[in-house]
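Colleague: If you read the sequences in order, they're chains S and P.
Here my numbering is used: the first residue of the first sequence is 1, the next is one more, and so on.
Here my numbering is used: the first residue of the second sequence is 1, the next is one more, and so on.
To be clear, the hints were calculated from the coordinates, so they are not data collected in a lab.
Take the hints with a grain of salt, since some may be wrong.
Stated by the list, open to error - Short derived list, chain S residues pointing at chain P, Cβ under 10 Å:
{"id": "1", "residue": "A31"}
{"id": "2", "residue": "L52"}
{"id": "3", "residue": "A193"}
{"id": "4", "residue": "G231"}
Stated by the list, open to error - Listed below are several chain S residues computed to face chain P (Cβ distance under 10 Å; list not exhaustive):
{"id": "5", "residue": "E75"}
{"id": "6", "residue": "E76"}
{"id": "7", "residue": "A88"}
{"id": "8", "residue": "D138"}
{"id": "9", "residue": "E141"}
{"id": "10", "residue": "A190"}
{"id": "11", "residue": "L259"}
{"id": "12", "residue": "M281"}
{"id": "13", "residue": "T286"}
{"id": "14", "residue": "D287"}
{"id": "15", "residue": "G406"}
Note that the coordinates shown come from a computational prediction; the quantities given were computed from them, not determined experimentally.
For glycine and all other residues, C-beta sits at the position ideal for the given N, C-alpha and C.
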Amino acid sequence: MSVTDLGMPAFPAAAARSTRDTRLRANLRHATHTIRDKRARAVGELGDWAQLRAAGRAVKDRTLRHLDHYLERLEEAVTAAGGQVHWAADAAEANRIVTRLVRATGEREVVKVKSMATQEIGLNEALAEAGISAYETDLAELIVQLGKDRPSHILVPAIHRNRAEIRDIFRSEMGDWGRPAPDGLSDRPAELAEAARLHLREKFLRAKVGISGANFMVAETGTLVVVESEGNGRMCLTLPETLISVVGIEKVVPTWQDLEVFLQLLPRSSTAERMNPYTSMWTGTTDGDGPQTFHLVLLDNGRTDTLADTVGRQALRCIRCSACLNVCPVYERAGGHAYGSAYPGPIGAILTPQLRGTASELDASLPYASSLCGACYEVCPVAIDIPEVLVHLRERVVEGGKVTRGGVKTVIRPAKGHAAERAAMRAAGFAFGRPGLLRAGQRLAARTRKLHPRRLPGPGRAWTDTRDLPPVPAESFRDWWQRTRGGEQGGGRQESGQ
Amino acid sequence: MSSRDVVLARVRRALTDVPRAAGPEETAVPRDYLRAHGDRSAEDTARLLAENLADYRAVVHDTHAAGLPGLLAHLLGERGSRSVVVPPGLPPEWLADCDIEVVPDAPETTPDALDAIDSVVTGCAVAIAETGTIVLDAGPDQGRRRITLVPDHHICVVRVPEQVVASVPQALARLAPGHPLTWISGPSATSDIELDRVEGVHGPRTLEVVLMTP
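The task is simple: from the sequences and hints, build the whole structure.
Modeller: Spelled out as structure tokens, the structure:
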């Protein structure tokens with residue numbers, strides 16, 4: 001998927017490191033708990049939340065099940081409104097298209113409004129290789145870019161940084177990119193935001209090319225929608241002469257009316273606001289107002305492979321609100337970097353291995369980056385059953401099977417390192433099917449319990465590296481039942497009716 | 001084969017489980033959510049708009065049409081604005097009482113020139129009470145998108161009651177998708193630093209909304 005994740009460790013190794021970082025954990029805990037409490041209040045204001053959620057889910061399902069139809073309609077509508085539509089099968093192609101379009105303008109720098117899609121394809125790096133500077137203009141993205149860091153949250157990418165760290169980054173790095181930080185910059189958020197305003201304003205006012213993603217694209221009208229708070233989005237979308245939007249093909253919705261569902265679901269779920277400060281909508285180009293050249297790059301990059309999986313397909317409903325991150329006990333402790341992808345947290349754990357496949361150790365480990373507690377499903381505004389997809393992907397990792405990769409149906413082998421687990425499960429299945437054998441085994445295990453190690457040796461070690469081995473009780477349930485109730489009638493299988 | 005054909009062919013192969021004959025209608029969309037949350041009089045709707053705007057730190061004023069020129073002159077004067085940019089279709093009488101430089105917006109105005117202007121005064125297309133949002137659709141009294149973005153102070157006049165709706169669904173039904181639309185809920189803000197909300201990053205730091213009754 002992205003070029004930035006090469007050599008990323010598997011989730012358990014990365015998480016083991018980040019969970020020892022007490023400052024990171026404190027920053028994360030403060031942030032996730034604050035948003036999740038606010039979100040619950042914002043959602044509670046709408047008595048029809050359940051109906052909106054069902055509608056959001058259904059609209060997205062309809063779109064996905066007839067995606068070809070809606071993409072063709074979208075292309076038609078955008079073209080009719082004066083835009084140019086490009087199709088990119090993968091990240092490399094999308095980067096080539098955007099690089100070519102920027103070069104054609106003769107410009108060497110572009111301003112960017114935060115976009116998950118361009119992060120996913122590593123666009124900034126690709127542009128840098130072509131000698132084009134891409135400036136991130138969302139405050140958090142600016143913090144990440146100046147700090148030569150990676151984003152760790154979908155909504156607040158610099159969630160892992162506190163104000164003192166941000167001040168240090170601004171002081172030491174802003175001068176290399178443009179206007180330096182003001183002398184004596186303190187760590188007050190208002191002062192830091194002001195420093196970002198001054199630093200970026202000179203870029204906004206001279207920018208000739210803007211690059212964005214989009215939250216929604218309306219097939220019926222060809223309208224693109226970007227929601228944001230700071231106004232950097234409006235700057236990038238309206239001041240440049242050329243606008244290039246890179247958008248995943250799953251972001252299309254059928255009709256103008258459908259926006260009434262998502263513009264209620266998204267702000268309350270993500271920033272816990274009734275409405276985000278700014279929403280921009282544009283349809284192609286408008287004479288004399290905003291960019292006079294508009295390019296839409298429709299990105300596949302694994303989305304059609306995801307679509308081919310009838311269980312995993314629902315991940316494409318995601319509207320990137322990040323509510324699932326904020327309630328996830330695993331994300332709260334491990335942080336966003338451990339997921340090794342533009343998409344962290346529970347949604348990342350199901351989206352990334354589908355977009356990229358499970359060939360790498362990291363991607364094969366992501367379906368396990370969860371306690372399956374189900375909180376993510378509860379808060380998801382489009383009702384993605386994340387636990388269901390996690391279990392489905394675990395099965396694929398362990399058992400292998402039929403998948404679509406790069407548009408081609410193929411059969412993958414079980415991931416490495418899961419042979420012992422598979423053997424153990426097969427043995428368990430064998431024993432559970434033979435009550436006599438199971439009973440004998442349990443008695444043997446109970447009698448030897450003093451000799452049991454805390455960690456499994458050999459191939460079982462991978463299992464106990466991340467889990468505690470439960471102590472074997474002195475007596476099995478069957479033995480206990482036999483001893484205490486053995487003489488009673490009905491023997492436990494029968495309901496007594498009382 | 002073009003990439004367009006590649007992607008569309010992949011989509012179709014991925015969807016072999018979907019009945020093609022039925023068309024998109026095979027997935028029903030339940031629309032039993034509410035068109036508005038609560039049953040309010042026009043007056044109460046306007047009051048809710050004012051409350052929600054204020055909750056997002058917009059400064060809200062009430063006036064009658066006759067009082068508007070005086071109020072605008074007062075607001076611009078109070079802030080010490082020396083120049084104000086206006087869209088071409090703004091009723092000229094609105095700024096009749098102001099004695100500051102009035103700059104009509106023009107396509108050749110550069111972003112730098114706009115940056116030197118203190119304030120902007122516009123009308124709006126519709127305002128949404130439940131969310132505290134004003135929507136601009138680039139109509140004659142709102143102008144191009146950049147004029148409400150670059151100056152640091154935006155005064156938006158909402159005609160009450162005809163421009164006020166209760167909810168997002170009601171607002172969308174009134175808007176034309178072909179126009180560039182800007183939805184504004186309070187001034188520019190960020191919560192990117194330890195989730196402390198700070199007003200004023202790149203858009204106007206001050207948003208004043210005037211609710212004008214006839």
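Colleague: Each hint needs a verdict: does it hold in this structure or not?
Modeller: Outcome of the hint check:
1. A31: 6 Å, holds
2. L52: Hint holds; S/L52 Cβ to chain P Cβ min 5 Å, cut 10 Å.
3. A193: 4 Å, holds
4. G231: 3 Å, holds
5. E75: Check passed: Cβ of S/E75 comes within 8 Å of chain P, closer than 10 Å.
6. E76: 12 Å, violated
7. A88: Since chain P brings a Cβ to about 6 Å from S/A88, closer than 10 Å, the hint holds.
8. D138: It holds, given that the least Cβ distance between S/D138 and chain P is near 7 Å, below 10 Å.
9. E141: 9 Å, holds
10. A190: Because about 5 Å separates S/A190 from the closest Cβ in chain P, which is inside the 10 Å limit, the hint holds.
11. L259: 6 Å, holds
12. M281: 4 Å, holds
13. T286: 5 Å, holds
14. D287: At about 9 Å, which falls below the 10 Å cut-off, the nearest Cβ of chain P leaves the hint on S/D287 intact, so it holds.
15. G406: Status holds, d = 9 Å.
Checked against the numbered hints above, the structure violates only hint 6.
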